[in-house]
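Build out the structure end to end from the sequences listed, making use of the hints.
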Amino acid sequence: MVKMILDIEGMACGMCEAHINEAVRNAFSVKKVTSSHAKKQTVIIADADIPEEELKNVITKAGYEAVSVSSEPYEKKGLFSVFRS
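For the sequence shown, the numbering used here assigns the number -5 to the initial residue and increments by one for each residue that follows.
Calculated from the structure, these hints are not laboratory results. Treat the hints with care, since some could be wrong.
Claimed, not checked - Label pairs and their computed distance ranges (CB to CB):
hint	residue 1	residue 2	range
1	Glu69	Ala6	29 to 39 Å
2	Cys7	Glu69	24 to 34 Å
3	Ser62	Val24	13 to 23 Å
4	Lys33	Gly57	10 to 20 Å
5	Thr54	Met9	14 to 24 Å
6	Pro67	Ala6	27 to 37 Å
7	Gly4	Glu69	27 to 37 Å
Where is the CB? At the ideal position from N, CA and C, for every residue including glycine.
What follows is the structure, given as structure tokens:
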């Protein structure tokens, strides 16, 4: 799994966050997407990497600007993950 962090310009409120989250969910198969207008950030958890240009296009069509996109491997941290070797 992969965690993608997008820096977004143009979000001003909770409705903006919901608008971006819905646009991402409708365009891509993701496990989780959360946005914060205070942090100007959207975080996406997905099974596979999403092409940066496609992601930026979806954000632009929603009326916002994806300034930067970064990704890193993501490992789910569950209650019993401390017992794994």
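Against the structure, the hints:
At roughly 33 Å, the beta-carbon separation of Glu69 and Ala6 lies within the given 29 to 39 Å, and the hint holds. Between Cys7 and Glu69, the C-beta spacing of about 32 Å keeps the proposed range 24 to 34 Å intact. For Ser62 and Val24, the Cβ-Cβ distance of about 19 Å falls inside the hinted range of 13 to 23 Å, so the restraint holds. For the pair Lys33 and Gly57, the beta carbons lie near 19 Å from each other, so the given range of 10 to 20 Å is met.
Here the CB-CB span from Thr54 to Met9 is close to 18 Å, well matched to the stated 14 to 24 Å. Judged by the Cβ atoms, the range 27 to 37 Å given for Pro67 and Ala6 holds: they are separated by roughly 32 Å. Distance hint check for Gly4 and Glu69: the Cβ-Cβ separation is about 31 Å, which falls inside the suggested range of 27 to 37 Å.
The structure shown violates none of the earlier numbered hints.
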